[in-house]
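There are 2 protein chains.
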Amino acid sequence: MSKFWSKVVHNLTPYIPGEQPKLNNLIKLNTNENPYGPSPKVLAAINQSTDDTLRLYPDPSSEALKKTIADYFKVNTHNIFLGNGSDEVLAIAFQALLKHNSPILFPDITYSFYPVYCKLYEIDFKVLPLNDLFEIELDDYLMPNGGVIFPNPNAPTGVSLTLDQIETFLKKNSDSVVIVDEAYVDFGTESVVCLTEKYNNLLVTHSFSKSRSLAGLRLGYAIGHKDLIEALVRVKDSFNSYPIDRLGLIAGVESFKDDLYFKSTCKKVIDTKIKFTEDLKSLGFSVLPSGANFVFAKHISIDGKIIVSHLREHGIVVRRFDNPERISPYVRFTIGSNEEIDTLLKTLKLILSV
Amino acid sequence: MSKFWSKVVHNLTPYIPGEQPKLNNLIKLNTNENPYGPSPKVLAAINQSTDDTLRLYPDPSSEALKKTIADYFKVNTHNIFLGNGSDEVLAIAFQALLKHNSPILFPDITYSFYPVYCKLYEIDFKVLPLNDLFEIELDDYLMPNGGVIFPNPNAPTGVSLTLDQIETFLKKNSDSVVIVDEAYVDFGTESVVCLTEKYNNLLVTHSFSKSRSLAGLRLGYAIGHKDLIEALVRVKDSFNSYPIDRLGLIAGVESFKDDLYFKSTCKKVIDTKIKFTEDLKSLGFSVLPSGANFVFAKHISIDGKIIVSHLREHGIVVRRFDNPERISPYVRFTIGSNEEIDTLLKTLKLILSV
Numbered sequence: 086m087s088k089f090w091s092k093v094v095h096n097l098t099p100y101i102p103g104e105q106p107k108l109n110n111l112i113k114l115n116t117n118e119n120p121y122g123p124s125p126k127v128l129a130a131i132n133q134s135t136d137d138t139l140r141l142y143p144d145p146s147s148e149a150l151k152k153t154i155a156d157y158f159k160v161n162t163h164n165i166f167l168g169n170g171s172d173e174v175l176a177i178a179f180q181a182l183l184k185h186n187s188p189i190l191f192p193d194i195t196y197s198f199y200p201v202y203c204k205l206y207e208i209d210f211k212v213l214p215l216n217d218l219f220e221i222e223l224d225d226y227l228m229p230n231g232g233v234i235f236p237n238p239n240a241p242t243g244v245s246l247t248l249d250q251i252e253t254f255l256k257k258n259s260d261s262v263v264i265v266d267e268a269y270v271d272f273g274t275e276s277v278v279c280l281t282e283k284y285n286n287l288l289v290t291h292s293f294s295k296s297r298s299l300a301g302l303r304l305g306y307a308i309g310h311k312d313l314i315e316a317l318v319r320v321k322d323s324f325n326s327y328p329i330d331r332l333g334l335i336a337g338v339e340s341f342k343d344d345l346y347f348k349s350t351c352k353k354v355i356d357t358k359i360k361f362t363e364d365l366k367s368l369g370f371s372v373l374p375s376g377a378n379f380v381f382a383k384h385i386s387i388d389g390k391i392i393v394s395h396l397r398e399h400g401i402v403v404r405r406f407d408n409p410e411r412i413s414p415y416v417r418f419t420i421g422s423n424e425e426i427d428t429l430l431k432t433l434k435l436i437l438s439v
Numbered sequence: 086m087s088k089f090w091s092k093v094v095h096n097l098t099p100y101i102p103g104e105q106p107k108l109n110n111l112i113k114l115n116t117n118e119n120p121y122g123p124s125p126k127v128l129a130a131i132n133q134s135t136d137d138t139l140r141l142y143p144d145p146s147s148e149a150l151k152k153t154i155a156d157y158f159k160v161n162t163h164n165i166f167l168g169n170g171s172d173e174v175l176a177i178a179f180q181a182l183l184k185h186n187s188p189i190l191f192p193d194i195t196y197s198f199y200p201v202y203c204k205l206y207e208i209d210f211k212v213l214p215l216n217d218l219f220e221i222e223l224d225d226y227l228m229p230n231g232g233v234i235f236p237n238p239n240a241p242t243g244v245s246l247t248l249d250q251i252e253t254f255l256k257k258n259s260d261s262v263v264i265v266d267e268a269y270v271d272f273g274t275e276s277v278v279c280l281t282e283k284y285n286n287l288l289v290t291h292s293f294s295k296s297r298s299l300a301g302l303r304l305g306y307a308i309g310h311k312d313l314i315e316a317l318v319r320v321k322d323s324f325n326s327y328p329i330d331r332l333g334l335i336a337g338v339e340s341f342k343d344d345l346y347f348k349s350t351c352k353k354v355i356d357t358k359i360k361f362t363e364d365l366k367s368l369g370f371s372v373l374p375s376g377a378n379f380v381f382a383k384h385i386s387i388d389g390k391i392i393v394s395h396l397r398e399h400g401i402v403v404r405r406f407d408n409p410e411r412i413s414p415y416v417r418f419t420i421g422s423n424e425e426i427d428t429l430l431k432t433l434k435l436i437l438s439v
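Note that the protein sequences, when read in sequence, are chains A and B.
With our numbering as the guide, the letters of the first sequence map in order to residues 86 to 439.
With our numbering as the guide, the letters of the second sequence map in order to residues 86 to 439.
FYI, nobody ran anything at the bench for these hints, they're computed from the structure.
A portion of the hints provided could be inaccurate.
Calculated from the model, a selection of chain B residues having no Cβ within reach of chain A, i.e. all distances over 12 Å [unchecked claim]:
(1) D193
(2) C279
(3) F341
(4) V393
Taking beta-carbon pairs under 8 Å as the criterion, some of the chain B residues facing chain A (in silico) [what the hints assert, rightly or not]:
(5) W90
(6) Y121
(7) R140
(8) Y157
(9) N161
(10) G301
Derived PhoX-like pairs (lysine-lysine); straight-line CA-CA distance at most 25 Å [said to hold, decoys possible]:
(11) B:K184 / A:K204
(12) B:K88 / A:K184
(13) B:K211 / A:K92
(14) A:K107 / B:K152
(15) B:K184 / B:K283
(16) A:K257 / B:K88
(17) B:K152 / A:K204
Nothing here was measured: the structure is a model prediction, and the numbers come from that model.
No residue lacks a Cβ here, since even glycine has one placed at the ideal position from N, Cα and C.
Chain A with its partners taken away, still in its complex shape (with noise of 0.2 Å):
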């Protein structure tokens, strides 16, 4: 506390990210990044770009990676905006889009950075309880709203909504904006990017760090309507002229460049995540269906946070949260490598003397 600070400084709650370990060794399934690395196609052309040119500023709208990113998604330039990862993507939208007179609407169990931008910029909310299978009542948020955001797949319980399901509600919600943050889609999730076009209302924000195997960069994105992307790019130019470094830059225009590598990357995550779900199960987990590259998991009789410590002593890392309440008993591991989830199955067996 100081009588320096400003007055919104004294309430926040700031987000606490998944621990980044800085011991070597260990098996590392707790933020949900990718197993494989990059493409060595985006790995060699950073190596090419690394020169005296980085001693020049990036172009400040990014119309390289704008363009290669709205060719991909058939859309225009002027539908994309992009970010120092999708967190900044989220934080910009929430401040561009969210501060209305009613309250905005989210899932009480969801990413649980949504209620710390909200203490940032001052925005109320208000959450709806998933139903009992953990899934997205989207009849709950028909009501006079600020806007409405969640995860599809949502976070960290990996269920998914459908298509339909969200068009039907973008049908009775027009009103307010709607956020659906895509961070996982790629791992069997149906997007709703092709209904961007059609919905004024509706933003989709995509992140480079999961699929794209590229957390270590920052990137991330916003498809939209212009008008909706206006917004943002109006924050971003009051706020930071230049968020996307030139190696980033490079490495996002390659990486939707090589999509057979980025495909086959996706596909090797969810072979794994199918496989891994019925070990679990057969191990006495119950698992919630994933659209995404984690599985959210309660054992039938030990509690997730004795699995999550002796996990650790054995130098396996996964993640669970104390709240709210009705998560405390899962654990949620991110899909690994094959060897990582074979290793992560033989300590389980152990620690569950199965």
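Knowing the structure of chain A, use the given hints to seat chain B on it.
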């Protein structure tokens, strides 16, 4: 304009950065980049880190780089805040430290991003005129205020205050935060980092984009009392957990390690500036004394607008400002390499028919 925009968006007038021309073969002396590339050791370290680990998030608190900077300036890591370019550091400082009941104060001629941040965060401000020599008169700032910010050297004038002048002011202004934006300090201005231990209301911001030749990678930092830094960290952790990417972190550390390279390139720029200033004077320019890597100069008879457009026709890009009126006849020349400055001088002679 859109009903979906948050109220604040409607009133924003974003900052417009200097042009990043898409054409090659231009001599680019408009955005104060360093003519010399980053240290070869920085480039080697980036290349060495460009591997599969890019799939992993960076350290969210950037400890290694904080430690490097703290050791360099003989302070603690809790005195250092890192951001995605010093523009982001400044934005977060405006939000975290400068929103109070009284207006904040800054010069009428200064970095034009300051009023933009004020609009974004709805901070009341008052501008105070430079004196006839384009100097900041700190005695004018002795009034109740919500904070004071100025660059030293100032931009776009290049004119510096001394450490003594700033300390005299700090003694009299102890009830609000004073931010000294030292983006250009390494080119011949006294830094006040050494005063941060003594004055708990002083925050100093630095950039990697000028003296450290890394505009392309987006790194900046602030140094100050741990309570001021804590406010910045709270906002950062409520906005974006990982603003600094893995390659930026590595590059930043290496840049500080290669102090010899850093100092020798700064000296080359300063030497070029001294000679260029004399040459400009002999061509009929009045040149403000510059503690930066640019000079601000007005020709005795030819208007700045005409000079800028003629230089552009000859493939040389420099910058000028329409507002305020008082600086509209001036041209801002970034100090380039000796070869670039030679070409610039030859072209100026041609244009001025000297």
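To see whether the hints hold, each was checked on the structure:
1. D193: Answer for D193 (chain B): holds, closest chain A Cβ roughly 20 Å.
2. C279: holds, 20 Å
3. F341: F341 (chain B) is indeed farther than 12 Å from all Cβ atoms of chain A, at 16 Å.
4. V393: holds, 19 Å
5. W90: Hint holds; W90 (chain B) Cβ to chain A Cβ min 5 Å, cut 8 Å.
6. Y121: holds, 7 Å
7. R140: holds, 4 Å
8. Y157: violated, 21 Å
9. N161: violated, 17 Å
10. G301: holds, 4 Å
11. B:K184 / A:K204: OK: K184 (chain B) and K204 (chain A) at ~16 Å, within 25 Å.
12. B:K88 / A:K184: holds, 11 Å
13. B:K211 / A:K92: holds, 20 Å
14. A:K107 / B:K152: holds, 15 Å
15. B:K184 / B:K283: holds, 23 Å
16. A:K257 / B:K88: This hinted pair holds, its Cα atoms lying about 17 Å apart.
17. B:K152 / A:K204: violated, 30 Å
The structure is inconsistent with the numbered hints 8, 9 and 17, although it conforms to all the rest.
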